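> Given next are the chains, with one letter for each unit.
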Amino acid sequence: MRFRAKIVDLACLNHFSRIINTIAKLAKTCILRLTVCKLYFILSDKVANGGASMWCELSQGNFFDEFQMEGVAAEHNEIYLELVPENLSRALKTAQNAKAVKIKLTNKHCPCLSVAVELPSLSSSSRIVTHDIPVGVIPRRMWNDFREPSVPDFDVSIYLPALKTMKSVVERMKNLSNLIVIEANLSGEMNLKIETDLVAVTTHFKDLGNPPWASEDGCESNTQDRDLESMAEACIDIKKLLQLLAGQQVNPTKALCNIVHKRIVHFILLHEEVSLQYFIPAIA
Amino acid sequence: ILQCFLSLAVFGRAIHAIARISDEFWFDPIEKGLALRSVNSSRSAYACVFFSSMFFQHYCWTAVSQPCQKEKQLSLPCKLIIKSVLPVFRCVNVLERNVERCSISTNPSGHHITFQLLCRHGVVKTYNLTFQDCDPLQAVFAKHMCPNILKVHSRLLADVMIHFPTSQEEITLSVTPMKVCFKSYTEEDTDFSRTMLTEIQLSPEEFDYFQVGVDSEVTFCLKELRGLLAFSEAASVPVSIHFDRCGRPIAFSIEDLLLEASFILATLCEAEKEAATPEPACCPRPWDSSRTCMDKSDQTSMDRARIADTATSKKPQQKGNTPSMVSAKPSNALAKQEVKNIPRGSERDVPGRAGAAMAKFHSLFFGAVSYKEKEAIGDTFQSLVTASDTEEEFGALQSSQVL
Numbered sequence: 001m002r003f004r005a006k007i008v009d010l011a012c013l014n015h016f017s018r019i020i021n022t023i024a025k026l027a028k029t030c031i032l033r034l035t036v037c038k039l040y041f042i043l044s045d046k047v048a049n050g051g052a053s054m055w056c057e058l059s060q061g062n063f064f065d066e067f068q069m070e071g072v073a074a075e076h077n078e079i080y081l082e083l084v085p086e087n088l089s090r091a092l093k094t095a096q097n098a099k100a101v102k103i104k105l106t107n108k109h110c111p112c113l114s115v116a117v118e119l120p121s122l123s124s125s126s127r128i129v130t131h132d133i134p135v136g137v138i139p140r141r142m143w144n145d146f147r148e149p150s151v152p153d154f155d156v157s158i159y160l161p162a163l164k165t166m167k168s169v170v171e172r173m174k175n176l177s178n179l180i181v182i183e184a185n186l187s188g189e190m191n192l193k194i195e196t197d198l199v200a201v202t203t204h205f206k207d208l209g210n211p212p213w214a215s216e217d218g219c220e221s222n223t224q225d226r227d228l229e230s231m232a233e234a235c236i237d238i239k240k241l242l243q244l245l246a247g248q249q250v251n252p253t254k255a256l257c258n259i260v261h262k263r264i265v266h267f268i269l270l271h272e273e274v275s276l277q278y279f280i281p282a283i284a
Numbered sequence: 001i002l003q004c005f006l007s008l009a010v011f012g013r014a015i016h017a018i019a020r021i022s023d024e025f026w027f028d029p030i031e032k033g034l035a036l037r038s039v040n041s042s043r044s045a046y047a048c049v050f051f052s053s054m055f056f057q058h059y060c061w062t063a064v065s066q067p068c069q070k071e072k073q074l075s076l077p078c079k080l081i082i083k084s085v086l087p088v089f090r091c092v093n094v095l096e097r098n099v100e101r102c103s104i105s106t107n108p109s110g111h112h113i114t115f116q117l118l119c120r121h122g123v124v125k126t127y128n129l130t131f132q133d134c135d136p137l138q139a140v141f142a143k144h145m146c147p148n149i150l151k152v153h154s155r156l157l158a159d160v161m162i163h164f165p166t167s168q169e170e171i172t173l174s175v176t177p178m179k180v181c182f183k184s185y186t187e188e189d190t191d192f193s194r195t196m197l198t199e200i201q202l203s204p205e206e207f208d209y210f211q212v213g214v215d216s217e218v219t220f221c222l223k224e225l226r227g228l229l230a231f232s233e234a235a236s237v238p239v240s241i242h243f244d245r246c247g248r249p250i251a252f253s254i255e256d257l258l259l260e261a262s263f264i265l266a267t268l269c270e271a272e273k274e275a276a277t278p279e280p281a282c283c284p285r286p287w288d289s290s291r292t293c294m295d296k297s298d299q300t301s302m303d304r305a306r307i308a309d310t311a312t313s314k315k316p317q318q319k320g321n322t323p324s325m326v327s328a329k330p331s332n333a334l335a336k337q338e339v340k341n342i343p344r345g346s347e348r349d350v351p352g353r354a355g356a357a358m359a360k361f362h363s364l365f366f367g368a369v370s371y372k373e374k375e376a377i378g379d380t381f382q383s384l385v386t387a388s389d390t391e392e393e394f395g396a397l398q399s400s401q402v403l
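Listed in order, the protein sequences are those of chains G and Y.
Residues in the first sequence are numbered from 1 upward in steps of one, following UniProt numbering.
Residues in the second sequence are numbered from 1 upward in steps of one, following UniProt numbering.
Simulated from the structure, these hints should not be mistaken for lab results.
As the structure is a computational prediction, the values presented were derived from the model and not from experiment.
Just so you know, not all the hints are guaranteed correct.
Taking lysine to any residue pairs in the SDA-like style, the calculated list, with each CA pair at most 20 Å apart, reads [as the list claims (entries may be wrong)]: (1) Lys79/Y x Glu31/Y; (2) Lys108/G x Leu197/Y; (3) Lys179/Y x Ile128/G; (4) Lys179/Y x Glu118/G.
Please build the complete structure, drawing on both the sequences and the hints.
Have a look at this one:
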């Protein structure tokens, strides 16, 4: 199993760092899956994670100037690593003006991702900062645990309001309640509601727009016959929602959520080269 | 009796830097200036900031009358609790804007040191702080005898330290004539599968002055150093690093016309690892307590209690320091060098231990200096603040530093 990659372009490096920062806010530990073309950051929906799960996918070609990997075996040319994204985030944090960043899978005291940052210096030779991030190698027999989640059979799909606005609303609601209800309909309306013994607060968003989903095989989706005004709702942990909103460092090109009534909320955030999906289950 | 006015920002930052070392510090005015000193509870870090009288807009110090007077006199120097002083200099940036003048004064009859801030709009803040009489502590460390000397702008050091997490306790500085490397330090029993390790390599060319007489790897406490780094960045002065092999102290110092600051930190010694009792030490444990020769003073009894504690506690990596191990050490030769610097006063106090102490000497030596010893000590006392490798105005201090 080998892996080495290099980033030379500063813009790519900054973009990559921002993605890692977002991942670090969502998961304490996650899986990094490496294939020839893509990188995936995966958080599976185990109870330990509070039931939330994440799937983030990026094309390596958009970030790395060099990318070589050799998986566990020829037919399974992939590598699954368990790591703490916060470590990676920290390693990249001080690489803002690096000449180059090299990432390599090594085995010193234990399997590590070695991040070597080459920084400019006043002298002729560069300064080199090396961070050894310990990783766990996931054996092939467990790879099935980390398959891409399918888009659920949702009742309503709606574009999200400006994330910054949504974040400031949810931040204030967090002080009042641990749970938040997201409800939306096919007329582009979304409400965020909290209710406690003392107070109930609702924030209304209008004219958000509903994304068109092409139905497969021509069969009708759940939403075809749905009443446009009827709201689908789910009550979720407000902290999980805030983690998602607070972690966004750049405005996504597209941000939408799919609500399965009283079951789960599925968020999809798309940037040019990155897609992030986050699932928050509803609390009964 | 002391009265002085000063420019706040730098003074405030010095207090903050010293606060990283300990909860209390020695406030020690002398004719030539004001010294602030601090040592941490495990005696593994010592800080001293000396402001020359020229640093102050107005500095007036008059000698204390003889202690035989009936009236209780303020006998300087004294010890202050940092927590009570910090609020005075809390937000240095704000201070600069709002405070027009700050004065520090003592008076013979009071039991206070008074810090008075004259602020804008006629607001006057007066802080009366109580203190403890004590004899000052001074580290004896012959900087000029260190084989390895690096001098670098504080900006570079800050740029290096920024790569380490703020929770990083200790780091290792490793030098050869070809390269310099700072890396995170982990104890032997660290769980590597959970710890992220960071290493920074620099070329000697980045240093303003680079002298490596002996390849060495020294490990010291980063947390305590951060105070000095912040201070030197604010003062924008180059930092000099003097050190030797592992186990010997490392000194970080800055100096310019108006002030001098030194932080001396003990380093871990890993050469001797005979049956080391691993202890999750935050910072390197102190050397043998018998080395800390204290003169008779109020402070001594308190410190003796502390010393007794450390003597009986487990001593991890610095094996050479336990009283039971008086084996010949390679550092013996160096130890003898240091012994020369022991003030005669303290040798008198602990005659029996001086010989044994030589074999065990590892790092830092503290001597208490009291007014009573003034005549006896004379010029043999080398103070940290006046290392003889620096040759500017403070050369004159060498003789007057004796207290």
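> Let me make sure I understand: some of the numbered hints might not hold for this structure. Which ones are they, in numerical order?
none
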